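Chains as they are written, first to last, in numbering that gives the first Met the number 0: chain A, 0 to 412; chain B, 0 to 378.
Rather than coming from a laboratory, the hints here were simulated on the basis of the structure.
All figures in this text were calculated on a predicted structure; none of them were measured in a lab.
For each residue, glycine too, the CB sits at the ideal point set by N, CA and C.
One should not assume that every hint holds.
What follows is a set of in silico ranges between Cβ atoms, one per label pair, in the way DEER data are often shown [to be verified]: (1) 270(A) x 355(B): 58 to 64 Å; (2) 166(A) x 150(B): 20 to 26 Å; (3) 120(B) x 407(A): 36 to 42 Å; (4) 65(B) x 407(A): 31 to 37 Å; (5) 60(B) x 168(A): 53 to 59 Å; (6) 146(B) x 168(A): 15 to 21 Å.
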Amino acid sequence: MSDTIAGELKIAGEMNAYQRKWLANVRERVGNGEPFAICNGDEFEEIFNAMDIPVMVLNYWSKIIATEAKASYYKKVLKERGYDPLHLFFSLGLACAMDNNPETAPWGGLPKPSVIVGGSKHDREMKVLELWARECGCPFIPMEFGLNTTPEQPPLPPRWWERMRDHWDELIDPDRLNVRVEEEKSLIRFLEITTGKHFSPAKLDRVAELINEQMDYWGKVRDLIAATIPCPVSLPDQIAMYQAMWHRGTEMGCNFIKAYYEEIKERVEKGIFANPNEKLRLMYIPATTPAYAGFLEETYHASLVCFGYSSIPIDCYARTVHNNDALRTLASRHMVLFSETPDWRLKDAQLHQCDGVIEVIDPAMPSLNKPLFDASGMPLLSLYTDKDTRDIKSRLSRWIETTVLPNHKGVTL
Amino acid sequence: MTPFEIIQTHYCRRDLAARAWKQKGGKVVGYFCDNVPEELIQAAGFFPYRLSGDPTGTVEIAEKYPPTGTMAAPREGFVNSMFNRLMTGEYDFLDFLVVPHARETIHRLHQVLAEIKDQNPSFHLPELYFLDNLHTTFYWSGVYNRLRWREFKTTLEQWSGKEITDMALSDAIAVTNENRTLLKKIAALRAADPPRISGTQALRIIGSSMFMLKEEHNRRLSQFLDELDKLSAKDGVRVFVEASPLDHLQLYDIIESCGAIVVGEDHCWGNRYSDVLINTAGDPFEALADRYHNKSPCPRMFPLSRRIDYCVNSAVSAGAQGAIINVYEFDEALMWEIPDAVKALEEKGIPSLHLRNQPYRIADPDLLTSRIREFIKSI
Ligand code: SF4
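The whole structure should be built from the sequences, with the hints applied where relevant.
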């Protein structure tokens with residue numbers, strides 16, 4: 000069977016290499032006097048892309064710093080400056096800027112930004128970004144609201160994902176959206192004045208088209224993964240491909256996902272699978288690979304076939320432009336993206352033909368998914384960590400043996 | 000009772016006036032924070048009542064409803080306490096509750112309360128209203144805020160069944176302006192050399208203004224100020240307090256037991272509540288909107304520099320010799336400001352003691368007393 004086991008996904012390797020090259024190229028462009036921006040994920044990237052201003056998304060940057068195991072070092076940096084953050088992950092970029100040391104910074108650190116943009120949705124976000132901008136000597140532009148300011152809005156309706164693409168205007172308060180559009184226009188004007196770059200509506204239209212095209216390919220990959228048993232692509236590869244999200248609305252970003260789709264399609268046609276002996280299919284809710292993925296595969300022939308972000312591209316990012324107003328359409332996306340509702344999670348687990356779902360939650364919080372999952376008969380295990388400990392393994396075993404397997408009569412291990 | 004004793008009674012028994020009002024058939028509109036235009040509530044004929052926490056109380060029920068969402072901030076103790084008190088029925092005299100868009104943990108209460116109200120009517124929560132207002136003072140934020148304040152006015156009119164006329168609004172503004180003017184006199188007496196009013200007295204005076212009918216508060220406060228000559232001069236090291244919301248006296252009691260006097264502060268239960276008046280020339284709604292849009296900033300507002308300037312200017316004008324900075328555990332809005340505040344105060348020759356991650360209820364008063372005493376001595 001060895002010829003049917005998938006190796007590393009080719010396109011995922013290319014994606015990783017591209018990211019590094021991209022940053023090196025950005026550094027060179029900035030060295031030549033071009034502008035560079037930092038913004039919070041999903042706030043404004045497409046508009047920077049449309050204006051040809053390279054942009055680093057701070058969630059992505061924090062992830063790079065955390066992946067390079069610099070978190071504890073930067074915690075010290077913040078402490079020395081008198082800060083004791085509750086949410087270190089969010090403050091890593093600020094710490095890196097404060098440290099200002101290319102030798103310690105991942106990938107040699109970021110070039111000097113011309114502007115930092117972020118939302119005011121969290122008290123911490125506004126403060127951290129303002130301090131970060133000051134550290135870099137550039138302006139910080141706060142945008143009111145920001146993504147998923149749902150606490151003040153009525154919760155999204157059941158099966159909201161079915162309305163997101165064509166009926167997004169029903170899911171957002173028009174007055175708030177007006178403010179956001181005005182803010183985005185002011186920011187565009189500011190960028191035009193300070194960077195000399197131009198904003199072209201036609202370019203933004205193209206960006207909006209490319210986003211939808213990219214998300215449609217993503218939807219096709221998701222459907223292929225969901226329908227194919229055994230699963231054709233490993234969870235780490237699926238997650239690696241998510242980096243293409245940071246190049247939304249560009250030809251490059253779209254081509255990456257198209258190539259991803261083609262590679263997976265070819266695998267399916269040739270019968271190449273990530274785990275050919277797959278007996279159980281599981282969904283894993285965060286957007287990481289847990290340390291016990293190998294244990295699950297070896298002991299139970301279980302594959303992690305989908306994760307917390309599997310459906311975000313197609314369910315949340317694709318938007319139909321209304322009234323030829325791509326800016327307003329995008330602004331809506333900058334404000335409402337998704338809500339982690341149990342019905343959405345359950346839909347994903349069922350779509351991917353899962354036998355059970357593992358979620359990692361905060362021990363202080365009850366599982367939001369549990370009531371609906373219990374009622375539907377979809378086994379759900381709530382864990383407090385993604386670490387591979389003896390205790391976690393025994394909880395996983397107990398759950399699989401007492402809840403998942405009896406539910407799944409056809410399986411003999 | 001002396002006027003101050005009456006004020007003090009209302010600070011201790013915070014529901015006294017509101018319950019009496021209710022008994023007479025009036026309705027009470029509760030609200031969080033200091034950014035809800037009380038004047039509109041008053042002009043609609045309701046009793047505006049600000050919610051506060053109770054550091055001696057429990058938070059058991061609130062903890063059963065932790066904040067949810069990937070990036071959701073944990074609630075500060077005072078927020079959990081207010082939430083808990085709503086759930087235990089301590090606020091059963093509220094007919095309506097306005098949750099403003101304020102610090103994250105407060106505005107998120109709207110959603111959780113709405114869910115509880117919907118699913119568990121046995122908690123008898125008041126009718127809820129979310130009042131949005133933004134984090135910046137830019138032009139477009141002002142346009143938007145006005146829209147939401149107009150909607151709030153319309154809602155109040157629906158609740159009361161009668162229109163809020165310009166005249167009624169101007170009258171309410173006159174009453175709150177008088178209150179702020181009197182409170183500014185209190186602030187000036189604290190900033191005087193020597194101070195004539197202590198910090199703990201001031202907190203009671205300012206706080207009770209949010210628990211009493213404003214006219215009554217004005218009357219008592221005027222009487223209190225009429226007897227100024229009875230106030231003895233206070234002595235002690237002049238301390239400024241920069242803090243998370245202090246809706247109780249514990250910290251000031253400790254500071255003032257250490258040979259210091261709190262001459263001013265920057266938090267929403269102190270001078271910041273009252274230091275900006277409403278312009279009485281022109282359209283009253285516009286003037287009200289202008290005041291709430293531009294009032295002294297609380298830590299949720301942009302930009303940082305405005306906050307730091309406010310803190311330092313307040314400390315300098317109070318003639319502070321030192322500052323005590325008290326940041327509650329989980330108060331992220333304030334936490335990120337402190338290194339800047341410390342530096343800016345220092346540049347003005349004001350040394351500070353930074354108390355981080357403090358519990359809402361002071362857990363070890365003796366330990367804190369000795370830290371503060373040592374700091375006061377070092378000034
Ligand atoms: S500091 Fe501001 S947001 Fe926080 S409780 Fe006071 S008024 Fe509300």
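Consistency of the hints with the structure:
1. With their beta carbons about 59 Å apart, residue 270(A) and residue 355(B) fall inside the hinted range of 58 to 64 Å.
2. Checked against the given bound of 20 to 26 Å, the beta carbons of residue 166(A) and residue 150(B), roughly 24 Å apart, stay inside it.
3. A C-beta distance of roughly 41 Å is found between residue 120(B) and residue 407(A), which places it inside the suggested range of 36 to 42 Å.
4. Checked against the given bound of 31 to 37 Å, the beta carbons of residue 65(B) and residue 407(A), roughly 33 Å apart, stay inside it.
5. Restraint check, residue 60(B) to residue 168(A): a C-beta distance of roughly 38 Å breaks the suggested window 53 to 59 Å.
6. For residue 146(B) and residue 168(A), the hinted distance range of 15 to 21 Å is satisfied, since their beta carbons lie about 18 Å from each other.
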